[in-house]
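Q: Protein chains in written order, with our numbering: chain X, 1 to 107; chain Y, 1 to 975; chain D, 1 to 414.
Incorrect hints may appear among the rest.
Some but not every residue of chain Y turned toward chain D, in silico, with C-beta under 10 Å [claimed, not checked]:
1. Gly149
2. Lys152
3. Gln166
4. Ala169
5. Asp172
6. Asn500
7. Leu585
8. Pro603
Calculated cross-link-like contacts (lysine-lysine; reagent style PhoX-like; alpha-carbon spacing at most 25 Å) [as the list claims (entries may be wrong)]:
9. Lys27(X) x Lys107(X)
10. Lys46(X) x Lys65(D)
11. Lys137(Y) x Lys351(D)
12. Lys30(D) x Lys46(X)
None of these hints come from the bench; they were simulated from the model. Backbone N, C-alpha and C define an ideal beta-carbon position, used for all residues, glycine too.
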Amino acid sequence: MLLLTCPCCGVTAEETEFANGGEAHLKRFGPGSSDADYEAYMFNRKNPRGVHFERWRHAYGCGKWFLMARDTMTLEVYGAYPAQTTEPPAEIVAKIKARRPEWEGYK
Amino acid sequence: MSYRLATGGRLIDRSRPLDFTFNGKTLRGFAGDTLAAALLGAGQTLVGRSFKYHRPRGIVASGAEEPNALVGMGEGQRFEPNQRTTTTELFSGLKAVSQNHWPSLDFDIGAVNAKLWRFFPAGFYYKMFIHPRSFWKHVYEPIVRQSAGLGKAPDAETRDADRYEQFYAHCDVLVAGGGIAGLTAARAAAAEGKRVIVIEQAAHWGGRAVVDGAEVEGQPAAGWVEAVLGDLHANPAVTVLNRTMAAGVHDHGYVLAYQRVADHEPGADKPRHRLWRVRAGHVIAATGAIERPLSFAGNDLPGVMLAAAVRDYVVNWAVSPGKRVVVVTNNDDAYRTALALHAAGVAVPVIIDARTEPRGALVEQARAAGLRVADGMAVRSVKGGKAVTGVELCRFDSDGGAVAETIACDAVAMSGGWSPVVHLWSHCGGKLLWDEAGAFFRPDPSRPPLGRDGQGFVTCTGAANGDLGDTDAAPMMPVWMMPAKADYLLRAKMWLDPQNDVKVSDVQLAAKEGYASVEHTKRYTTLGMATDQGKLSNINGLAILSDALGQPIPQTGTTTFRPPYTPISLGAIAGEARGPIFQPLRRTPMHAWHEANGAHWEPVGQWRRPYCYPRDGESHGHAVSREITQVRGSVGLLDASTLGKLLVTGPDAAKFLDMLYTNMMSTLKPGKCRYGLMCNENGFLSDDGVVARLDDQTFLCHTTSGGADRIHAWMEDWLQCEWWDWKVHVVNLTEEYAQIAVVGPNARKVLEKLGGDIDLSKEAFPFMDWREGRLGKFRARVFRISFSGELSYEIAVPASEGQAFWDALMQAGAEFGMMPYGTEALHVMRAEKGFIMIGDETDGTVIPQDLGLDWAVSKKKPDFLGKRGMERPAMTSADRWKLVGLETLDGSVLADGALAPLPGKNVNGQQETQGRVTSTYFSPTLGRGIAMGLVHRGPERMGEVIAFQTESGGRVEARIVDPCFYDKAGEKQNV
Amino acid sequence: MKRYSVFAIAREAMRQHSGWDKAWASPEPKTHYDVVIVGAGGHGLATAYYLGKNFGITNVAIIEKGWLGGGNTGRNTTIIRSNYLQDPSAAIYEKARSLYETLSQDLNYNVMFSPRGVMMLAQTEHEIRGYKRTAMANALQGVETRFITPAEVKRIVPIMNIDGPRYPVLGALWQPRGGTARHDAVAWGYARACSAMGMHVIQNCEVIGVESVGGQVSAVATTKGTIGCTKLGIVVAGHSGHLANMAGFRLPVESVALQAMVSEPIKPAMDCVVMANTVHGYMSQSDKGEMVIGGGADHFNNYTQRGSWMHIEETVRALIETFPMLSRLKMLRQWGGIVDMTGDRSPIISKTPLGNTFINCGWGTGGFKAIPGSGWAMAELMAKGASPLAEEFSMYRFREGRFIDESVAAGVAH
C-alpha cells in the first residue's frame, strides 16, 4: 500500500488517490515510423527488477501527472519529478546511485 | 479433569457468575473468564475434533496461538464458526457448539479415520483415488469434499446482523503489544513528543510479567503497568487501544489493526469490529513470544497443554487443567508453572526435564518446594483416550523402547522453549536470523523491512526480538523429539500440528520423498496451514525436516509469514460499504422522478439509467415498444444527463482535438456540431460523441456515459505528458448539466410551447447546429442532434434546474402524449437507424473502417491518435469483418452474439465462422427483427443470405442488407 | 518409478511407509542437454513432460531458481475453465481442460481435478450480451457452456444473493466441466513424471546469463555453472522480462502483483466456482473447506509478491455483496503473486529473436488453468518449430496488430 508524494501539489497521500501510467520517458512514434519503433513505443517494456521510472497521476487530488523513480523489488521511492521531463533529473539519478551502487543507470 | 480452584484468579470476579451453554448444556463461569477458562473451569476438557483423524481435542494454549479449541458461536444472523475460545471473553448467555464431528463430540463416526492412520500418511490423497478414473468423480471426490472443513457454514440466507466500521489514523510510532516491552517503548516514544498508538490484542495489559509476578523498575509489574498506562492515557498524543490486534504490516508503514469492539458485549449499540487503517512512521513490534510444544507420543490428547498456558489458567482464572499435573520441559520457564500449580495446591508428581542436571534458580526453587525433578528423562507416551490418565517415562537419550516408569496424572504441562513472534517484522520482507542459544528465529536488524525512504520501518523489542529476559536461567536444550531416538511407532503418535493432524512421521516422510523445501513440506503435509497458521508447529516441523535432511535449520529456512496475524472477520474488511452503499451511486438530477415513475433500472457504471418505464401489468418488452411507438409517432423524453460533457478550451484546442479525434475538428464552425470518433493508439475505437464548437477556442465534447472520466483522463494525459506546451484546458462538466433529449415529430412543437428567445424553426436552427438561450424560464443550450433519426433536440440546463425543466417538458408535451423513454428504446431506435453503439458494435478490437466509418477518419491529417496503429497489416487487410445490417428471412430476432458458421474447421478443430451479430432487436417500427453484425467482407456481399446460430443450437438464415433500416434518406431528422 | 495406488499405500502402511521413493531426483547438472527449460513451474514442467511424452525428447533439464512449483503455480486460486471468447484462447484453454480430465491417470499422481462447474455472473445488460456471445462462440469451439437464468444460479449456489440492491444477478455463463485442481500436485506430478523419464529437475539454480553463438543459443550461465543446450525454453512468468533481457530482447510484458486470500475452513457451502466481474471478485471452496478468493491486480510494476490492501477490501466487499453469509467468516491468510501481463492480456508462446530460443509467458491472471495445454503447445513448438495451438500467440502479433483480446466483453456501454 504505497504512500506517495505528489511533486506538483506537495500532498502526501494514499496510493488510492493516485493512478499509475506505466513506464516513463517513452517516445511516441506516429505515422511513418518503423515497425520496430512503433512496437517499442507501444508494447515493449523494460519491466526491471529494481529501479523503475514510471508515470503517476494524482488522479483524485490535483489531477497532475508526474514521474517517479521507484524500486520494484523493495518499493522504495527515490524521488518524483514533473511529467514535463524527457529524462530522469541528475539529482535523482545520483540519489539512486548512492542507494544502489550496482544499478546500471538509466538507459 | 480440569476444575476451578477454590481461591485466586487475578482476572475473574467470583461475585458475577455467568451462565453459558456448550453443545446445549448450561455451564457456569465468572466475569473475566475467557470461554476457554470457563470451559476448563466447568470440567470440559474435550472441546473439539481434529481435521483429518477426528481425534479428540482439548485446549492447548491460552491465547491467539490456540489450534484446537475452536467453536461455533451464536445463532442465526449472528452465528460464527471457528471462534477461538482462548481469546473469546465470556458473557452471559454465550452459546457455543463444538465442531467437526458427527453425530456428537463424544461419539464421532469420523474417528474411525484415526484407527486407519497407517493408511493416511502425509500426501496419501496424491497417491490414491487415481484409478479407475470414474471412481474419483463418483466415489472418492464426493467423500473428500464432504469431509472438508472445520466449522459449520453460516446459513445460506444469513444477513449479518452486526455492523462494522473502519477508522483511519496516523501516528509517528505504532506499538503493537501491551506487555512490558511494548509499554516501555510507547512511554519512550511519548516522552519524545511523538504521536503514538499503542495496541494490545487482549483485554488486559502487561503480558506475561503480570502473570508471573515479575518486578519492573523495582516495583511489582501490575502496579508498573497501571502507572504507565495511566500516563499514556493522560497524554493527548497517545492513543491506547486494547482488544486490538496488529493484523498486518503493509508497505510504506500501512498497518491494519483489528479492534474487537463489541464481541464481548453482544447487543451493545456498537460496531462489532473496527478495522483501523494506520499510517505509521515507525512500527515497534512488542508482540512477545509463543511457547513451543514438545513432540512426544500422545502429545495431542486433551489435557496436554503448554506450560505457560497452564500457569495463565491457574493465576488469571483460578483454573487447573487437572488434579495431578506432570510438567515436562527442556527449559527453566516451565518450572514456574510447576511452582504455580504447587502453590495453588495442585499435585505435581514430577517435573520431567530432558536436560541432565539442570541448574538454575527456578530449578532450585522447585526442588526446595519438594517437587521431584526427573532429569535426563522424557515422556515416552501419554496414556489416555479422551483425557489424560498418565505418562510413561523413559530416558531422553533413548529410542523409548524401555519404559522407566509410569506416573498417573490427568494433565501434562509441556514446554519446548519459546519462539519470538516475528510476524510483523516479516510481513514486508524483514529477514530473520537463527539464534542457536534460544533455538529460534529472531529479527536480523541488518535486514529490516524497508519503507518508502529505503530505511527500515519496523523494530522488534522484548521477547519479539529474542530477549526472553531469563538471564539467570540455565540454558535451554533444543528438543525436537522426545525421546531423542524415538522409533517409528512413537513418531507416528507425535503431533506437530494438532488441528490438521500432521505428525513427526509425516514430515519425515515428506523429506524422504524429496519434498525438501520447507514450502514443499508444508504443502505436502499441510503443516502450519491450520487456522493458527503454524504458530505452534512451524519451528518444530522445521527442525524435524532439517534433521531429516541432515542440514542445519537456517539452511532449511522458514515459510513466508503472511497477514493477518490471526484471522480477521470479512465483515470488518468490508466495513460499512455493503447493501445500498456497497458502491457510490451516481444520480442524475431526475433520478428521483424516474424512481417515482416506475423506472426499471439498468446499471451503467456507477450510474443507474432507466431501462424502460413499465406500466401496470406491462412487460419490459411491451413498455419498450410503447415508448418507441410514442417517440416515432409523436414525442418522448430521454434523460441523457449521464453523457460525458468535456469542455476543451484554449488557443490550441482545435489542434488538440484534431489529434484526439480521427476526423477533423478544427474546421468545425462555431455554432455547429459534428459527430466524432476517438481511437486509442492501437487504432481501436474507444469512444464517440458529438462535438459542439462553442467559440473559436472552445469545444464541448460529448462522450459516452461510461467514457466521461476515462476520456477526461486520456485528454489530460496527452496534454500534460506529450504536448505540454499546447495551450489547452479541459474541464469535466458532466454533472454540471442536466441533459434531456426531446425526440419525435412533435419535439419542436413542445419546445415552442415553452417559449423563450431561441428561434427553433428549421431555417433558423438546422440539423447539427446548437443554440444557447432561454426555453421558457430555463437557461438552455440546445443541440439539434439525433440518435434516433427523428426530429430531436438535446437540451442542457444547469443541473439544479433539471427536474423543473423535465416537469415543464412533461407538461408542455402532455397534449402530445409525452412520455419518458429508457435506454432500451434508445438502443432499438439507434439500431433501426444503423447507428453504432460503443460497446456493442465495438469491443476494443474494432477499428472505424470496420464499421463503415471511413468518412470519419481523416485522410488529410498527418497524424492523430491511432493513425499509426491503423497502418499495420492486420488493420488494412481486406479480409476484416465489416458492419452490415442483417434481416432474418422469417422476420425473427437473431440471437445475441450469434455467429455465422462456415462448414469447415480450423487447425484446432473449431468451426470456421464468417460473421457475428453485434446488435439485435425486435423493431416495433418495422414489426420484425433487425440486427447489425460484422461479416467477412460484408459490404461486398449485399443481398447474400448466410446462416446464423440460434439459441437452441439450430440455424436461421439472414440476408445481408444495409445497416440503416429506417428513413435511409434522413428526412425525419431534418424536418 | 514406483506406481502410486491404493495397493501401494496399503503395502507401505504395513512397513511404516519406509519404501517410498523420492518423487523426483535432484541431480547435479550435466554440461549439456538437448533442451534446457528455465523455470520449473507448471508451464515449464508441462513443457518438458510433453517434450518427452509426445516427441521422445528426454535429454532435458528443467532449471529452477527456487523450489519447483514455487511461483504462481503454488499461489493461485486453482480455477480451471475454457469458456473463452476468441478462438485461439478457447483452443488452448480447452486443450488444457481436457488434458486435466485425465491428468491424474497420465501422471499417476492425483491432481484432484474437480470439474465442479464454473459460473460467471452477468450483472449488467452489457454482461448478458457479452456472455451470450461467448456461449455462442463456445458452441462452435467445442467448449461446453450455456447461459443460465438467475433461478438456475440460485439453485446451484444457494448462498448467493441474486437480488442484491446494486447489481442483481441477471444470469450467468455456466461451464459445467470447469472446476479446480490441487495446484501443488500439478507441479509435483509433472516433476515426478519428468524425473521418471530421465529428465533433470534442478532446483535452487538461478540463471544468470544466456550465451549464444552466431545468433543461436548455446548455453545458460547459472549459479551451478554453465549448462549447454541446443534449444532453450524460457518459462518464467513474472521474471520473463529479466530473462529476455539476458537473451537480448524485450517483451511486451509487465509484472504486477495479483492477490488472493482464503477464509478459515468451513463445512461445504458452495459447490462450484463463481466469478463476478462487475463487482470484481471470484471464489470457490477448497477441499479443505477454505473459501478461496481471488483479488484484483495492482496497476504498478512490482516484484515483491505483496499487493495493495485496497484490492482486498474491494474484493471482500464484492463477495459479501454476492454471498452475504461471508460476512461472518474470517480471513485466514492473504498473499500475492507476480503475474506477467502482455499488451492484450493474452499469453505469448513464441519463437524469439534469439535462435532456438522460445518463450512462454504472459499468462497474466489465468495461467494455472492453461498449464497442460500451454506445455503441450510449447513442446510442439520447440520440437517441430510450429504448433497450431501456439500459432496465434506469437510475440510478434502486437506489431502486426493481431490482438487476442479477451477483455472485449468488458467494453463500454452508453
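Q: If a hint holds in the structure, say so; if it doesn't, say that too.
A: Results for each hint:
1. Checking Gly149(Y) against chain D: minimum C-beta separation of about 3 Å stays under 10 Å; hint holds.
2. A cut of 10 Å between beta carbons decides the hint on Lys152(Y): the least distance to chain D is about 5 Å, and the hint holds.
3. Contact between Gln166(Y) and chain D, as hinted, is supported at the beta carbon level, the nearest pair being about 8 Å apart and thus within 10 Å.
4. Among the interface hints, the one on Ala169(Y) is violated; its C-beta lies about 15 Å from the nearest C-beta in chain D, farther than the 10 Å criterion.
5. Hint status for Asp172(Y) relative to chain D: violated, with the closest Cβ pair at about 21 Å, above 10 Å.
6. With a cut of 10 Å, the hint placing Asn500(Y) at the interface with chain D holds, because the nearest CB-to-CB distance is about 9 Å.
7. Among the interface hints, the one on Leu585(Y) holds; its C-beta lies about 7 Å from the nearest C-beta in chain D, closer than the 10 Å criterion.
8. The interface hint given for Pro603(Y) holds, since its Cβ lies 5 Å from the closest Cβ of chain D, which is under the 10 Å cut-off.
9. Distance restraint check for Lys27(X) and Lys107(X): the Cα-Cα separation of roughly 13 Å lies within the 25 Å cut-off, and the hinted pair is therefore satisfied.
10. Restraint check for Lys46(X) and Lys65(D): satisfied, since their Cα atoms lie roughly 21 Å apart, inside the 25 Å limit.
11. The suggested pairing of Lys137(Y) with Lys351(D) is violated, with an alpha-carbon distance near 39 Å, which exceeds 25 Å.
12. Pair hint Lys30(D) plus Lys46(X) does not hold up; C-alpha atoms about 33 Å apart against a cutoff of 25 Å.
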